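Q: Protein chains in written order, with our numbering: chain A, 818 to 1058; chain B, 210 to 666; chain C, 555 to 759.
Think of the hints as simulated: they come from the structure by calculation, not from any bench. These numbers were taken from a predicted model, which means no experiment stands behind them. Ideal Cβ positions, reconstructed from N, Cα and C, are used throughout, including at glycine. Please note: incorrect hints may appear among the correct ones.
What the hints assert, rightly or not - To be clear about the criterion: a stretch of chain A counts as covered by chain C if any three or more of its residues have a C-beta under 8 Å from a C-beta of chain C, and this derived list gives those stretches:
id, region
1, 932-939
2, 1006-1018
3, 1047-1057
Residues per chain, in single letters:
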Amino acid sequence: MKRAVLAFLLMAVAFYGPAGAEEKVAMGRKVYEKYCIGCHGEKGDGKGIAAPDLIVKPRDFTSGIYKFKTTPPGSLPRDEDLLRVIDQGLPLTSMPSFRLLPGPQKEALVAYLKSLSERWKRERPAEPLVREVKAPDFVGTPESVEKGRSIYNVRCAVCHGPSGRGDGPAGKNLKDRWGNPIRPANFTYGLINRGPRVEDIYLSITLGVDGTPMPSFASTLGEEDRWHLTSYILKLMGKIE
Amino acid sequence: MERDDLVYRPLVIAHIIAALVYFGLVLLGGLAYSLQFLGKYPFPGIEFLSPGRVRMLHTNGAVYGFITNGFVAGLYWAVPRLTGYKVLNERLLGWFMFWALQAAVVATAVGLLAGFAQAVEWGETPIFVDPFVVVWLLLALVQFATPIYRHGKERSLYASNWYFIAGLIWIPMVYIMGNYFPQFFVPGIAGAAITGTWIHDAVGLYVTPIGWGLMYYFVPLLLRKPIWSHALSLLGFWGLAFFYPLQGVHHYLWSPIPMYAQYAAVFSTLALELAVVTVIVNFFMTLRGSGEVLKQSIPLRWMMIGIVNYAITCLQCAIQVLLTTQKVIHFTDWVVGHAHLIMFGVFGFWILGFFSYLWPRLMGREVYSRALDEWAFWLITIGVETMWVDLISGGLVQGFTWWGLNPWMDSVRFSIPFWFVRTITGLMIIAGFILYVYNIYMTSRKETAVAFQPQEA
Amino acid sequence: MERFATFALVAGILFFAFGTFWQAVAPWLTLRGIPMKSMDEVAREVPPEFYMLANQYPEEFKKYFGEPNERSFKEALELGKKVYIAEACWHCHTQQVRPVSNEEFRFGRVSYPSEYANAMQLPQLLGTRRVGPDLMRESGRHSNDWHMAHFKNPPAVTPGSVMPSYPWFFDEKGRPNKKGLAMVAYMQWLGSWERKPMYALKGGE
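I would like the entire structure built from these sequences, with the hints used as guidance.
A: Now the structure itself:
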């Protein structure tokens, strides 16, 4: 009797226990076909039927390069980074938010996305460069803006333009890693792709945007300077006086 | 004067033909629109046949093309016979009104397809057609109220006439309120309250009173006995007249319209059910003991099934108007199912009923084929009832999917089977309609004429 | 009792006036204190997406609307509303978020009367059926190019969508024409006043 119960429990675990990696990928494929396939394409190469009409081209998952993440430049993103983009979408790009997808489906989707590139078999994502990030109090003060302005004019204006319209002399005819034409962010829209928090501006400066000409300034600028720069970008966005 | 000479038959015939032609087009429009939901729209990418525009054609054609023409045909027959007076003027005003109505319907259809719709539900009639419609409605008022007025000076009026008087007076006022105020004067939420009142009044103060007036005439006529209770008729009429105009906002429950208006709408909708019950009891008590006639007479069957459907929709209405139910079913196919049952399952059935009663009499010929009539009746009845069940179930699925915070596309995917069944039932209705029209056509082509006894009204 | 005048005056006119007062006039009186915004006032707040539209489709935008500013935004909104009505978008999309059925989670803040007190809601576009989602909080939810691809062929962007495609929003080369640009501007306007504060420094989200 006991043995029978034990066998039953074992079977139950086998059937209903945590899904195996392969099942998760298969489930993720179904989710992908329901929501993602139109833009990101059958093979996940970003060449879906809607892609030609989109200006910021959909991500090519087969390359294993991701733009918005918390890991150092060149590293793979962590699952949380992918989930964040699925959850929140990317402002000003055609990636909408899919926050109402049930949690297990999102996780399965991430598992599937990771199965699309060989890179995930060879490498592991690095530790995040920044974990908790919170804007210090001086961000947005006139002094901080002034300091940010001088850094901006040296480091950023060449691409993003002196007034932040993304029209700097070096910003023309840029191409991203996949060969698509790309323009530097125009701060006067008052919104950047990474997200709507002050910290998102800082993160973009710190981490850069992989696959695009936007470099990371983590090693070239001090932490405080990067926050000053954030202040000035807020000013260019019209968020502070 | 002989009662039969009171009726100017060519006008009745013309309106019946017009109503059936529009009805055919309305059914085709509905079918095309339903195919869009299955990804099989027959005219994709054609601007003038865009599904959104065809949808407006479907609803407006049903009300202004089919139901209005049908009712006017019924009025031209019933009012003179009820009152003993001719309508105001047949040969001039009558024909002018006929052609004006067709012109208005065609202008509306062309306007909608060309992109001149007005954003008022059931009143998408382009703004430039609206004044003509108002004038037409006033003409209809004098045309049909005159004999009733003359008759009323001699004796007390029969129930049908109460409904006709009230309805004919309501319609122009309702139309002006609904089509002009939200469009030009009242924006936003107050405009929504007015629009809601219009949506409801278009059904409740136009289609319903004229429809019931005709039923109070035709059903006792076909049963050859008087209506069961005069007191109940009175109760039903006054209940309807008082509570119907009070419930417009129930189309926008849980919207930012002030809650007192919403509560009043819910309360009066529930109160109206009592009035409706008296009317339905009255008709079924009249039918009592004459069940055999239901087997013989297909016109009567159309009408009685229409009354049963009326009872069903009103019961459904009492359930769906509750604020709790609204949380789930508002914005879903439930409402679409409800609208189909009331507009087609009730008023459409009544119209088809008295058409099939009048047509042989107008033509002076026997019905071509009883079997065709039976087939048409059963195909359409089963089609409409199935569509109703299908759409309200689909509506519940959609409502709970939304409430459950599923991704939006889930509600669309879960609805596909329901939409598929809807198309099938639509095809059944179209098949039934083709048989119905074929039968009518063949009846008029029959060689032998028969003399119908002029019947007492 | 059963006389012509009774039915005509009491049922026909008196009852109608009473019902219409409670259902149509009274809400109007209750809400009349809310100031009504004209088109010029509505177009004063231009969402960022409209400027972006001018950069994303520069030739077309210049040709149909000129420079992106309040004037051209007003023009785009007026045309957008017209097209929205003509295509009967309002028969499948609502513009109201109800306080029930978890709509606050799905769409955003519950609708309130003052956001409808403007010339863009004349006639009102609350809608009574939702085949597609509500649009009252649509601004910024999708990007301009997403909308363009979606109008061109909805199932390409949203697999399984039953929305019809609108090829007449585009010219022969597949670039948006005036209608297409105006519709996207209209979409990005709907709910732009309710967008979460972006880059709030202190006490913000």
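Q: If a hint holds in the structure, say so; if it does not, say that too.
A: We went through each hint and held it up to the structure:
1. For a cut-off of 8 Å, the count of residues in the region 932-939 of chain A with a CB near a CB of chain C stands at 0, and the three-residue condition is violated.
2. By the rule of at least three residues with a Cβ nearer than 8 Å to a Cβ of chain C, the coverage given for the region 1006-1018 of chain A holds, with 7 such residues.
3. Residues of the region 1047-1057 of chain A with a Cβ under 8 Å from some Cβ of chain C number 4, which satisfies the need for three, so the listed coverage holds.
In the structure shown, a violation is registered for the earlier hint numbered 1 alone.
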